[in-house]
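**Q** Mind docking chains B and C on chain A? Use the hints.
Protein chains in written order, with numbering that gives the first Met the number 0: chain A, 0 to 163; chain B, 0 to 163; chain C, 0 to 163.
Keep in mind the hints are simulated off the structure, nothing from the lab.
Quick caveat, the model's predicted, so the values are computed rather than measured.
Accuracy of the hints is not assured; some may be wrong.
If chains are identical, the list can't say which one is meant, so a pair holds when it fits in one copy or spans any two.
As the list claims (entries may be wrong) - Simulated crosslink set (SDA-like; lysine to any residue; CA at most 20 Å straight-line): (1) 18 <-> 162; (2) 128 <-> 55; (3) 1 <-> 163; (4) 99 <-> 14; (5) 99 <-> 162; (6) 64 <-> 51; (7) 42 <-> 126; (8) 163 <-> 150; (9) 64 <-> 50; (10) 18 <-> 91; (11) 22 <-> 72; (12) 18 <-> 163; (13) 1 <-> 143; (14) 18 <-> 161; (15) 42 <-> 95; (16) 27 <-> 108; (17) 163 <-> 19; (18) 139 <-> 111.
Chain by chain, the residues:
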Amino acid sequence: MKTLFIGGIKSGKSINAQKHILKNSITKPTYLATTEFVDAGMKERIDAHIENRGDDFETLEEPLKIYEVIKTNKNPVLVECVSMWINNMFYHSFSLEDMKKELTKILELNQDIVFVLNDVGSGIIPDNKLSRDFIDASGKLSQLIASECDEVYHTIAGISTRIK
Amino acid sequence: MKTLFIGGIKSGKSINAQKHILKNSITKPTYLATTEFVDAGMKERIDAHIENRGDDFETLEEPLKIYEVIKTNKNPVLVECVSMWINNMFYHSFSLEDMKKELTKILELNQDIVFVLNDVGSGIIPDNKLSRDFIDASGKLSQLIASECDEVYHTIAGISTRIK
Amino acid sequence: MKTLFIGGIKSGKSINAQKHILKNSITKPTYLATTEFVDAGMKERIDAHIENRGDDFETLEEPLKIYEVIKTNKNPVLVECVSMWINNMFYHSFSLEDMKKELTKILELNQDIVFVLNDVGSGIIPDNKLSRDFIDASGKLSQLIASECDEVYHTIAGISTRIK
Numbered sequence: 000m001k002t003l004f005i006g007g008i009k010s011g012k013s014i015n016a017q018k019h020i021l022k023n024s025i026t027k028p029t030y031l032a033t034t035e036f037v038d039a040g041m042k043e044r045i046d047a048h049i050e051n052r053g054d055d056f057e058t059l060e061e062p063l064k065i066y067e068v069i070k071t072n073k074n075p076v077l078v079e080c081v082s083m084w085i086n087n088m089f090y091h092s093f094s095l096e097d098m099k100k101e102l103t104k105i106l107e108l109n110q111d112i113v114f115v116l117n118d119v120g121s122g123i124i125p126d127n128k129l130s131r132d133f134i135d136a137s138g139k140l141s142q143l144i145a146s147e148c149d150e151v152y153h154t155i156a157g158i159s160t161r162i163k
Numbered sequence: 000m001k002t003l004f005i006g007g008i009k010s011g012k013s014i015n016a017q018k019h020i021l022k023n024s025i026t027k028p029t030y031l032a033t034t035e036f037v038d039a040g041m042k043e044r045i046d047a048h049i050e051n052r053g054d055d056f057e058t059l060e061e062p063l064k065i066y067e068v069i070k071t072n073k074n075p076v077l078v079e080c081v082s083m084w085i086n087n088m089f090y091h092s093f094s095l096e097d098m099k100k101e102l103t104k105i106l107e108l109n110q111d112i113v114f115v116l117n118d119v120g121s122g123i124i125p126d127n128k129l130s131r132d133f134i135d136a137s138g139k140l141s142q143l144i145a146s147e148c149d150e151v152y153h154t155i156a157g158i159s160t161r162i163k
Numbered sequence: 000m001k002t003l004f005i006g007g008i009k010s011g012k013s014i015n016a017q018k019h020i021l022k023n024s025i026t027k028p029t030y031l032a033t034t035e036f037v038d039a040g041m042k043e044r045i046d047a048h049i050e051n052r053g054d055d056f057e058t059l060e061e062p063l064k065i066y067e068v069i070k071t072n073k074n075p076v077l078v079e080c081v082s083m084w085i086n087n088m089f090y091h092s093f094s095l096e097d098m099k100k101e102l103t104k105i106l107e108l109n110q111d112i113v114f115v116l117n118d119v120g121s122g123i124i125p126d127n128k129l130s131r132d133f134i135d136a137s138g139k140l141s142q143l144i145a146s147e148c149d150e151v152y153h154t155i156a157g158i159s160t161r162i163k
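Looking at chain A on its own, in the form it has when it is part of the complex (with noise of 0.2 Å):
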């Protein structure tokens, strides 16, 4: 079973996913934690996330990798988030193929998966390429995934609604 959640920041997508996860998981789920860069913003964020979840996870670092991770796993994994791992992949210098190669075999494995999601195209476009390229590569890539999950969730105001 895959699952989406996007949203817009702070829409509250996280908590919602987090809260998913738990009530659909009999064993303990996995938090895969996908940040790389921290600056003090950051971590005022990761510190929430973390306080957040409290012992109700188990917590996994990785930035780049994530397939590995997710097949060497045997409980139900939440990748937090997607679009920190896109920002990774861009900042590496890995091309929108790579991801969806990589995103593909995720797709593929028989798991249980929440991927949470920026929702990032519906402002105005911005006029530097590289933000123009991060919003293709995320809409791209969120079309990809929603494509292979069973049940799609869009968060406004901390409500979801599931649209697939």
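**A** Here is chains B and C on its own, set in the frame of chain A:
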């Protein structure tokens, strides 16, 4: 009864919120205008808003202390809009905690209130800190408001879809 | 029958709009391409669009006077996309009133038309006036189109949800 209308810029959320409160009020509702700073562009928007609402509302203006205004008001109140109020609170150096406290007090009132709020978190993460802080505050406060509202509507292209 | 597909950048709205019009047309539909300005990045997008639609459509190109093109066309028309047309109209100094008039004439035609439009208003309010004006026009015109459409679909992560 508390209601939230959330949506992007020029999505039609304000017009629909006005129609909603007018349809559901037996007394003349109050239009609580939170705008503090007015330049030529804002003036034009405000005039368009005023023209839209005609004589259907009694208008009160308060950029910051909205709890006091709402509490001492007997009629249903349309808060137009929460985003501008957040903006004013930021400008006057109030903290997110201050904003949460003010909103929490409002949400505990036994009155009919319709909140209008801009969805600002579905674009690319902006590179300036003030914008990021605003998005964070807006997202957290929209979650707070939505959690206490009986009905929440998301508006796109003038169409308000109930999501709670 | 008139239909609007709205969604963010790379949300999948174009592909879904194409599938929708192909499924509902008994004659070969017309693909009305509104793109006027083409740089390398645009060229790549356009080629991807062309590859996606194959021989299923007859393609016509018109960046500005789309009413004339649609009126003289007998087959269902996919307007791809309204956002690019707004952009062109801005560039050539047409006013929002001009755009409203052109669209109103189109919406009064007794023809099958599918409109594709970018949702650009759910990010932070941009600090340059041209972007704000574009968002305002896009929002107002999307309301105009949606109000006259029989069906409106919002697309996220490749999933189009009917909202009207």
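**Q** So, for every hint listed, does it hold in this structure?
**A** The hints, checked one at a time:
1. Taking the shortest alpha-carbon separations for residue 18 and residue 162, both the intra-copy value of 18 Å and the inter-copy value of 18 Å come in at or below 20 Å.
2. Proximity of residue 128 to residue 55 under the C-alpha cut-off of 20 Å is found in neither arrangement, the shortest distances being 40 Å within a copy and 32 Å between copies.
3. Taking the shortest alpha-carbon separations for residue 1 and residue 163, only the intra-copy value of 12 Å comes in at or below 20 Å, while the best inter-copy value is 24 Å.
4. For the homomeric pair residue 99 and residue 14, the shortest alpha-carbon distance between copies (19 Å) is at most 20 Å, but the shortest distance inside one copy (26 Å) is not.
5. Neither within a single protomer nor between protomers do residue 99 and residue 162 lie at most 20 Å apart by alpha-carbon distance, with minima of 23 Å and 30 Å respectively.
6. Taking the shortest Cα distances, residue 64 and residue 51 never come within 20 Å of each other, neither inside one copy (25 Å) nor across copies (31 Å).
7. Taking CA atoms no more than 20 Å apart as the test, residue 42 paired with residue 126 passes between copies only; the shortest distance there is 17 Å, against 28 Å inside one copy.
8. Taking CA atoms no more than 20 Å apart as the test, residue 163 paired with residue 150 passes in both settings, with 5 Å inside one copy and 19 Å between copies.
9. Taking CA atoms no more than 20 Å apart as the test, residue 64 paired with residue 50 passes in neither setting, with 25 Å inside one copy and 32 Å between copies.
10. In this assembly of identical chains, the alpha carbons of residue 18 and residue 91 never lie at most 20 Å apart, being 32 Å within a copy and 36 Å across copies at closest.
11. In this homomeric assembly, residue 22 and residue 72 come within 20 Å of each other (Cα to Cα) only inside a single copy, at 19 Å, whereas the closest approach across copies is 42 Å.
12. In this assembly of identical chains, the alpha carbons of residue 18 and residue 163 lie at most 20 Å apart whether taken from the same copy (18 Å) or from different copies (18 Å).
13. For a Cα distance limit of 20 Å, the shortest separation of residue 1 from residue 143 inside one copy, 12 Å, qualifies, whereas the shortest one across copies, 29 Å, does not.
14. Within a single copy, residue 18 and residue 161 get their C-alpha atoms as close as 15 Å, which meets the 20 Å cut-off; across copies the closest is 22 Å, which misses it.
15. Within a single copy, residue 42 and residue 95 get their C-alpha atoms only as close as 28 Å, which misses the 20 Å cut-off; across copies the closest is 18 Å, which meets it.
16. Within a single copy, residue 27 and residue 108 get their C-alpha atoms as close as 19 Å, which meets the 20 Å cut-off; across copies the closest is 40 Å, which misses it.
17. In this assembly of identical chains, residue 163 and residue 19 lie within 20 Å of each other by CA distance both inside one copy and across copies; the values are 15 Å within and 17 Å between.
18. In the homo-oligomer, the alpha carbons of residue 139 and residue 111 never lie at most 20 Å apart, since the shortest distance is 22 Å inside one protomer and 29 Å across protomers.
When the structure is compared with the earlier hints, violations turn up for hints 2, 5, 6, 9, 10, 18 and for no others.
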